[in-house]
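Could you build the full structure based on these sequences and the hints that come with them?
Single-letter residue listing:
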Amino acid sequence: MVSAPAVVEVRAVVGAVPDPELPVITIEDLGVLRDVRIGPDGRVVVEITPTYSGCPAMDVIRADVLARLTECGYQDAEVRLVLAPAWSTDWISDAGRAALREHGIAPPHPAGPVSLKLSVRCPLCGSPDTREVSRFGSTACKSLWTCRSCLEPFDHVKAL
Amino acid sequence: MSGEPGTWDGRADSATLEPPTEYVLALADDALVLAHRLGEWIASAPQLEEDVALANIGLDLLGQARSLLTYAGELEGAGRDEDDLAYLRDERDFRNLQIVERPNGDFGSTIARQLAFSAYQVELYGRLRSSDDPTLAAVAGKAIKEVAYHRDHATQWVLRLGDGTEESHRRMQAGLDEIWPYVAEIFDPWPVVDKLVGVGVDPTTLRDSWSKYLSAVLTEATLTMPEPTFHGRGGRRGLHTEAMGYLLAEMQHLNRAHPGATW
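Line order of the protein sequences matches chains A and B. Each residue of the first sequence is one higher than the one before, starting from 1 at the first, in the working numbering. Each residue of the second sequence is one higher than the one before, starting from 1 at the first, in the working numbering.
Simulated from the structure, these hints should not be mistaken for laboratory data. Errors might be hidden in some of the hints.
[Claimed, not checked] Distance windows between CB atoms, simulated:
id, chain 1, residue 1, chain 2, residue 2, range
1, A, Ser93, B, Glu74, 27 to 35 Å
2, A, Glu9, B, Arg237, 50 to 58 Å
3, A, Ala98, B, Leu48, 25 to 33 Å
4, B, Asn104, A, Arg34, 35 to 43 Å
5, B, Ala243, A, Val82, 52 to 60 Å
6, B, Asp152, A, Val60, 38 to 46 Å
7, A, Leu81, B, Gly198, 19 to 27 Å
8, A, Asp59, B, Asp152, 26 to 34 Å
Owing to the predicted nature of the structure, the values given are computational and were not obtained by experimental measurement. Every residue, glycine too, gets a C-beta built ideally from N, C-alpha and C.
Rendered as structure tokens:
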């Protein structure tokens with residue numbers, strides 16, 4: 001029988017792995033880490049879910065998770081990809097949102113229709129007077145914006 | 001795509017595929033082939049942001065294709081993985097609709113296809129989300145959010161170009177006229193879905209809602225829905241246009257020249 005504290009400990013180890021495309025945020029805070037289990041035989045099973053179907057970071061995340069587990073003495077481990085339920089930006093934690101903002105990436109607003117009050121704020125000067133430059137950005141999960149107040153361009157994690 | 005090369009011995013014949021495999025493989029081929037065409041735009045689009053946009057749309061489609069190809073391989077049970085299915089089948093074994101294999105043409109033509117095809121995918125995945133097959137439902141549940149965004153992107157361009165300058169209007173209309181002979185095939189009756197009640201989606205039932213969306217966009221863009229006299233057909237049975245062989249030659253060359261190559 002595997003103790004509950006062991007699962008908590010392993011989840012903390014796995015959850016601390018940074019996202020390769022948004023290294024300021026962990027896979028736990030991004031909502032990409034779905035589940036961590038330890039079987040009766042001690043085998044660790046980690047479930048991750050892609051942000052977008054074609055997210056090229058999944059293979060790297062898988063490798064990083066396995067490497068981290070090995071370092072911590074969990075050689076017998078497996079990473080599984082799950083698609084359902086589909087990832088939503090609503091799964092990004094408050095800590096994750098704060099980390100994104102701190103590093104100049106505007107976090108997503110809640111998925112679905114939004115009021116003007118919740119318009120994308122410039123992560124650099126906080127102004128709500130911003131403009132979408134391109135609906136697609138440096139990764140599948142981001143779009144490109146610019147601030148009319150401080151004139152800086154910035155990335156925005158699209159609400160999904 | 002990465003990983004160990006599969007164990008397929010090359011003898012499987014897609015003519016004998018079971019209906020679920022056939023269906024999943026056809027949807028996978030649509031996404032894979034269009035992803036390839038969109039990739040051809042990288043460094044050639046009218047502006048840098050559009051290089052990024054078309055590449056990202058292609059990446060979403062490639063992701064959908066990988067999930068579907070992997071699942072088709074599992075359903076078939078012959079040991080073929082996503083790479084075997086993408087790189088080691090010949091033209092007649094590809095089940096994609098002809099519209100996705102057509103050469104890109106100019107930007108107007110590409111956007112015309114994006115509008116027509118993404119609007120169809122929104123209808124398709126919207127219904128497939130409640131498929132009795134949990135894997136198909138899961139793939140569709142993710143893909144629906146992506147293709148809705150693709151449809152939005154195409155819609156914005158069609159409005160901007162159609163209701164833009166005289167020249168942009170002319171070229172957007174020409175783009176529609178060029179791709180429209182291949183639109184009807186999307187909604188042709190497809191016998192394989194008759195054997196997949198509750199699992200697959202009958203494409204003939206998607207045409208009305210698709211038409212409604214397209215008509216609204218084209219009207220607002222001051223464009224005319226073409227009425228082509230030619231109706232391309234045969235993609236679902238492995239019959240393709242001349243462009244398909246060239247596309248596969250480019251897509252498959254590296255893997256065939258260096259089997260199992262990874263980097």
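Hints, verified against the model:
{"no.": "1", "hint": "A/Ser93 x B/Glu74: 27 to 35 Å", "result": "holds (34 Å)"}
{"no.": "2", "hint": "A/Glu9 x B/Arg237: 50 to 58 Å", "result": "holds (56 Å)"}
{"no.": "3", "hint": "A/Ala98 x B/Leu48: 25 to 33 Å", "result": "holds (31 Å)"}
{"no.": "4", "hint": "B/Asn104 x A/Arg34: 35 to 43 Å", "result": "holds (38 Å)"}
{"no.": "5", "hint": "B/Ala243 x A/Val82: 52 to 60 Å", "result": "violated (37 Å)"}
{"no.": "6", "hint": "B/Asp152 x A/Val60: 38 to 46 Å", "result": "violated (29 Å)"}
{"no.": "7", "hint": "A/Leu81 x B/Gly198: 19 to 27 Å", "result": "holds (26 Å)"}
{"no.": "8", "hint": "A/Asp59 x B/Asp152: 26 to 34 Å", "result": "holds (29 Å)"}
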